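Protein sequences, first through last, are from chains V and X. If you count by the numbering used here, then the first sequence holds residues 1 to 173, one letter each, in order. If you count by the numbering used here, then the second sequence holds residues 1 to 201, one letter each, in order.
It is possible that part of the hints are untrue.
To be verified - Just some of the chain V residues that point at chain X, by a computed CB distance under 10 angstroms:
id, residue
1, Leu75
2, Glu78
3, Leu80
4, Pro87
5, Asp88
6, Glu90
7, Val94
8, Glu95
9, Glu96
10, Lys105
Source of the hints: derived by calculation from the structure; they are not laboratory data. Note that the structure is a prediction, hence the values are computed from the model and not measured. From the three backbone atoms N, C-alpha and C, an ideal C-beta is built for every residue, glycine too.
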Amino acid sequence: MVKLAILLGVPIAMLATVASLGIVVVDVREGGPDGSRIVVPVPLVFAQAALAIAPMAAPVDKLRLPHEAAEHMGLAREVLEALAAAPDGELVRVEEKDQQVVITKQGRTLEVRVTGKRENVTVNVPLQLVLEALPGPDGRIRTAALAGALSSLRFTDLVEVHDGNDHVRVWVW
Amino acid sequence: MRKSIQAGLGLSALLATAAAPVAAQTAMPWLHVRVEEAKQATRVAVNLPLSVVEAVLRASPAMIEKHGRIHLGREHGVKLHDLRRVWKELAAVGDAELVSVESEDGNVKVQRKGDVVQIFVDQKPKAGKDGKKPKGGEQVKVEVPVSLVDALLSGEGDEANIEAAVAELSKRRGDIVRVQDDDSHVRVWIDEQNTQAPAGK
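Chain V on its own, in the form it takes in the complex (with noise of 0.2 angstroms):
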């Protein structure tokens, strides 16, 4: 009896703790009567442990950007810290005859949402996420920095795309 609650218990709250720490999960519907869904539920775990060893197994430059690019890094880093001290608000809108471009800013979130005819699609991309992701003006990505960040992103939908009776949604759990 003992043993079998070994058993059972061990990977259960194995699974239990990665479940704890995060997890990505890509939900997939495909519209129509035949359509299947795939769900892929991916530990946060994995994702840090992948960017906490990059460094590692990348080479250097592989993970630094461009010189051209990095010197614009201190700007959008004032940029968006400033963006995310602001207040909440619709930043941008776009309509045009078919779709409709809205871009807001809801707490530390930016919100991207576009409508079309037949396309529906919401991003929210986290700032401290991308604070986090923003390389330093020596142009290197900070991957263990944007690993601890991914954290963040618990309970977080991410995308939303509906085309169609197609359906795709990814979120954290």
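Fit chain X to the given chain V structure using the hints.
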């Protein structure tokens, strides 16, 4: 001409402001840009907290240096201390028509009136060929507060003081730029709302 005027206005929009009354400084000022193109049925609305505009201006590389000052050295063809001297002399003159150009293509007028410098461009429409409707007419109105120019020129040597200009800008409310032509309408203004009122307001 339209494109160059609009491009110029883009920069003016960030640096200029309206003759509207100075509002309370407690609420966060927002810079609004609205572009409407009737033919394409396109509407673009941008709302930015002035703090973000300030961050952009403060941190923009090349032109703007660390402490919010634009250097206008020989490479740009203008010496800021000369501009400062001319501005001081103009201030002493008071209200006056500074520039007036009248031509077949249109009229341009720059005048100082009270606490603003007003720029009017009235481009006449070109006659349409084969009895078609005249096209290309455009009216541009820009109002730059004197205090904003004072703030911009408050630096020393060949430096424009962007920080002082943005601080001045944050006190202002109302229209900054309006451009109206055959098929488009551009409006730039500052208020304390984080959204835009319906078109035409």
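Consistency of the hints with the structure:
Taking 10 angstroms as the C-beta cut-off, the interface hint given for Leu75(V) holds, the closest approach to chain X being about 4 angstroms. With a cut of 10 angstroms, the hint placing Glu78(V) at the interface with chain X holds, because the nearest CB-to-CB distance is about 4 angstroms. With 10 angstroms as the threshold, the beta carbon of Leu80(V) comes within range of chain X, its nearest partner Cβ sitting at about 9 angstroms, so the hint holds. Residue-level restraint check for Pro87(V) holds (minimum Cβ-Cβ distance to chain X is 5 angstroms; threshold 10 angstroms).
Against a cut-off of 10 angstroms between C-beta atoms, the interface hint on Asp88(V) holds, since the closest Cβ of chain X lies about 7 angstroms away. Interface restraint check for Glu90(V): the shortest CB-CB distance to chain X comes to about 5 angstroms, inside 10 angstroms, so the restraint holds. The interface hint given for Val94(V) holds, since its Cβ lies 5 angstroms from the closest Cβ of chain X, which is under the 10 angstroms cut-off. Restraint check, Glu95(V) versus chain X: the minimum CB separation of about 4 angstroms is within 10 angstroms; hint holds.
Interface restraint check for Glu96(V): the shortest CB-CB distance to chain X comes to about 5 angstroms, inside 10 angstroms, so the restraint holds. A cut of 10 angstroms between beta carbons decides the hint on Lys105(V): the least distance to chain X is about 9 angstroms, and the hint holds.
Against the hints set out earlier in the document, no violation occurs for any number.
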